Amino acid sequence: MKLIKLLKFLIAITAVSVFVSGCGSSEDEALEQAMGKDSTISKSEISSDLINEIIKSIPSPVEMSSLIREVEPKYNGQLLNPAANVGNYTTNFQKAVNLGIYGTDLGYINMYNEKQDAISYLNSMTKLAEDMKIGQFFDYNMIKRLASNSNNLDSLLYITTSNYDKMNSYLQEQNRGNLSLLMLTGGWIEALYIASSVAEKDNNPALYERVGEQKIVLDQLKILLDFYKTDPHVPELNLKLKDLSAIYDSIKITTEYHPPTIEIVNGVKMVSENNKTVIKVSKKEVDQIFNLVSTIRQDLIK
Amino acid sequence: MKGLLLNLILVLSITFSVNAQCDADALAPACNSKLGAFTFIKNYKLDPSKAVNNVLEFSYVFSKDTQYFVSVCDGKNDSPKMEITLMDSNKKVLATNLEKGTYYPGIAYKCSTTGIYYMVYNISEASEKCAVSALGFKK
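As they're listed, the protein sequences go chains A and B.
With the first sequence counted from 1, adding 68 to any position gets you the working numbering.
With the second sequence counted from 1, adding 1489 to any position gets you the working numbering.
Bound-form chain A, shown alone (with noise of 0.2 angstroms):
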């Protein structure tokens, strides 16, 4: 009988949980909204699993460096955050954004195989994750190790994302994920500028769509950085960030939608989108992108 009472109390439990939990908050539907998802998972659930989702689904800086590798086949050091700024950074705001700073030029050294310049953002990235108390999850030896050898550049990219999803789910768990989004947005904000400025100097078009496209991930951005407002420096960063997004507005993504075609070549299933997409971005627009993100980024690095 006792075990039966035992059982009663915990449905009721459960049952008050649920209904309490689904009580969601408009950050929670926007995010619900923006995933596409169903509104009766708990709020707990909602928070970490959807945000740790959009932070997942945000592209890896590694495939703009590789379009830029292939668009300016010379290496520009000067784009980047030089590595000696680390010593300015004494705000976990600033070491977070710096972190994903340093991470997209760590991204862009290697895409051009300058293992000298790897080695100091290497150093500088160390000193700033063991400042914010993630160092345990950065192998710099391996890191080190593999970006020494020009050919371990899928095992180099492996061990990196390894090691950042390991730092996310600890700031996650920790209850620090507004440190997890700041390295996010610091990685793409330089992605954006470096991109930007070898598209505005290059005017290739491929470049130019590239950089029009990131009108999606920004607004991907926003909804997480919105989530995340109660942190002191994230309300100034949305800010900036929505001041993009005007210049966004204008550039229009339209697509005209095909079956794919479908076939199997050695054992592999090949499929291939038919769309027709168009990215209406101009120079103009690209040249007042290039120039409000690298006043952001100017802020941020200083």
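Rather than coming from a laboratory, the hints here were simulated on the basis of the structure.
Since we're looking at a predicted model, the values are computed, not measured.
Hints should not be assumed to be uniformly reliable.
[Stated by the list, open to error] Using 27 angstroms as the maximum straight-line C-alpha spacing, the simulated DSSO-like pairs for lysine-lysine come out as follows:
#1 Lys344(A) - Lys1599(B)
#2 Lys1618(B) - Lys142(A)
#3 Lys1534(B) - Lys124(A)
#4 Lys1565(B) - Lys234(A)
#5 Lys1599(B) - Lys124(A)
#6 Lys344(A) - Lys1581(B)
#7 Lys212(A) - Lys1534(B)
#8 Lys1628(B) - Lys283(A)
#9 Lys348(A) - Lys1627(B)
#10 Lys234(A) - Lys1627(B)
#11 Lys1627(B) - Lys320(A)
#12 Lys348(A) - Lys1599(B)
#13 Lys124(A) - Lys1618(B)
#14 Lys344(A) - Lys1580(B)
#15 Lys348(A) - Lys1581(B)
#16 Lys124(A) - Lys1523(B)
#17 Lys269(A) - Lys320(A)
#18 Lys1627(B) - Lys183(A)
#19 Lys201(A) - Lys1534(B)
#20 Lys124(A) - Lys1580(B)
#21 Lys234(A) - Lys1539(B)
#22 Lys1599(B) - Lys283(A)
#23 Lys283(A) - Lys1627(B)
#24 Lys1628(B) - Lys124(A)
#25 Lys348(A) - Lys1628(B)
#26 Lys308(A) - Lys348(A)
#27 Lys1580(B) - Lys269(A)
#28 Lys234(A) - Lys1534(B)
#29 Lys290(A) - Lys1580(B)
#30 Lys1599(B) - Lys320(A)
#31 Lys1581(B) - Lys124(A)
#32 Lys1539(B) - Lys124(A)
#33 Lys1618(B) - Lys234(A)
#34 Lys290(A) - Lys351(A)
#35 Lys1581(B) - Lys290(A)
#36 Lys1627(B) - Lys142(A)
Based on these hints, arrange chain B on the given structure of chain A.
Below, chain B without anything else, positioned relative to chain A:
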């Protein structure tokens, strides 16, 4: 009553023990090597304890004029019986790795529309529920 309680504890212990055994990290390096000419982007851990009705879902922003490869590996089978379904931002199904009863170990997807894409993994038919997926790209 004591017997029922012991059974309940036993079932819970087994459930937790099975969930704790999924070490997807250990499967990642071998799975990543299957990306071939594609550059590694990230891994997704297919942990059965996180599945809802045997389904796990992840999203990623795919870029126009880029080819992506989504693979799945369980460390034992070359072609695990896991259905990967790729969906667009409106959750419209674009492709699966299942064709006439055959599970292909991955999908190569040539993207022409930048946007959020969903990778949905159904592990209900899989002999090894714990697995890892690797995502790679090439221009």
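Status of the hints after comparison with the structure:
1. Lys344(A) - Lys1599(B): Measuring from Cα to Cα gives roughly 12 angstroms; hence the hint holds.
2. Lys1618(B) - Lys142(A): Violated, because 46 angstroms separates the two Cα atoms, which is more than 27 angstroms.
3. Lys1534(B) - Lys124(A): At roughly 12 angstroms apart (the allowed maximum being 27 angstroms), Lys124(A) and Lys1534(B) satisfy the hint.
4. Lys1565(B) - Lys234(A): Judged against 27 angstroms, a Cα distance of about 26 angstroms means the pair holds.
5. Lys1599(B) - Lys124(A): holds, 21 angstroms
6. Lys344(A) - Lys1581(B): Given pair Lys344(A), Lys1581(B) holds - Cα atoms ~17 angstroms apart, limit 27 angstroms.
7. Lys212(A) - Lys1534(B): holds, 26 angstroms
8. Lys1628(B) - Lys283(A): holds, 21 angstroms
9. Lys348(A) - Lys1627(B): holds, 24 angstroms
10. Lys234(A) - Lys1627(B): Distance ~26 angstroms between Lys234(A) and Lys1627(B) Cα, so the pair holds.
11. Lys1627(B) - Lys320(A): holds, 25 angstroms
12. Lys348(A) - Lys1599(B): Given pair Lys348(A), Lys1599(B) holds - Cα atoms ~21 angstroms apart, limit 27 angstroms.
13. Lys124(A) - Lys1618(B): It holds: about 22 angstroms lies between the C-alpha atoms, which stays within 27 angstroms.
14. Lys344(A) - Lys1580(B): Holds. Lys344(A) to Lys1580(B) sits at ~19 angstroms (cutoff 27 angstroms).
15. Lys348(A) - Lys1581(B): It holds: about 25 angstroms lies between the C-alpha atoms, which stays within 27 angstroms.
16. Lys124(A) - Lys1523(B): holds, 22 angstroms
17. Lys269(A) - Lys320(A): holds, 23 angstroms
18. Lys1627(B) - Lys183(A): holds, 23 angstroms
19. Lys201(A) - Lys1534(B): Distance of about 25 angstroms is within 27 angstroms: holds.
20. Lys124(A) - Lys1580(B): Answer holds: Lys124(A) to Lys1580(B) is near 18 angstroms, not above 27 angstroms.
21. Lys234(A) - Lys1539(B): holds, 17 angstroms
22. Lys1599(B) - Lys283(A): Given pair Lys1599(B), Lys283(A) holds - Cα atoms ~21 angstroms apart, limit 27 angstroms.
23. Lys283(A) - Lys1627(B): Holds - the C-alpha atoms of Lys1627(B) and Lys283(A) are around 22 angstroms apart, at most 27 angstroms.
24. Lys1628(B) - Lys124(A): holds, 21 angstroms
25. Lys348(A) - Lys1628(B): Given pair Lys348(A), Lys1628(B) holds - Cα atoms ~21 angstroms apart, limit 27 angstroms.
26. Lys308(A) - Lys348(A): holds, 23 angstroms
27. Lys1580(B) - Lys269(A): This hinted pair is violated, its Cα atoms lying about 38 angstroms apart.
28. Lys234(A) - Lys1534(B): The hint holds at about 12 angstroms.
29. Lys290(A) - Lys1580(B): holds, 22 angstroms
30. Lys1599(B) - Lys320(A): holds, 22 angstroms
31. Lys1581(B) - Lys124(A): Holds, at roughly 21 angstroms.
32. Lys1539(B) - Lys124(A): With a Cα-Cα distance of about 16 angstroms, the restraint between Lys1539(B) and Lys124(A) holds, given a limit of 27 angstroms.
33. Lys1618(B) - Lys234(A): With Cα atoms ~22 angstroms apart, Lys1618(B) and Lys234(A) stay inside 27 angstroms; holds.
34. Lys290(A) - Lys351(A): Holds: Lys290(A) and Lys351(A) sit about 25 angstroms apart, inside 27 angstroms.
35. Lys1581(B) - Lys290(A): The hint holds at about 25 angstroms.
36. Lys1627(B) - Lys142(A): holds, 20 angstroms
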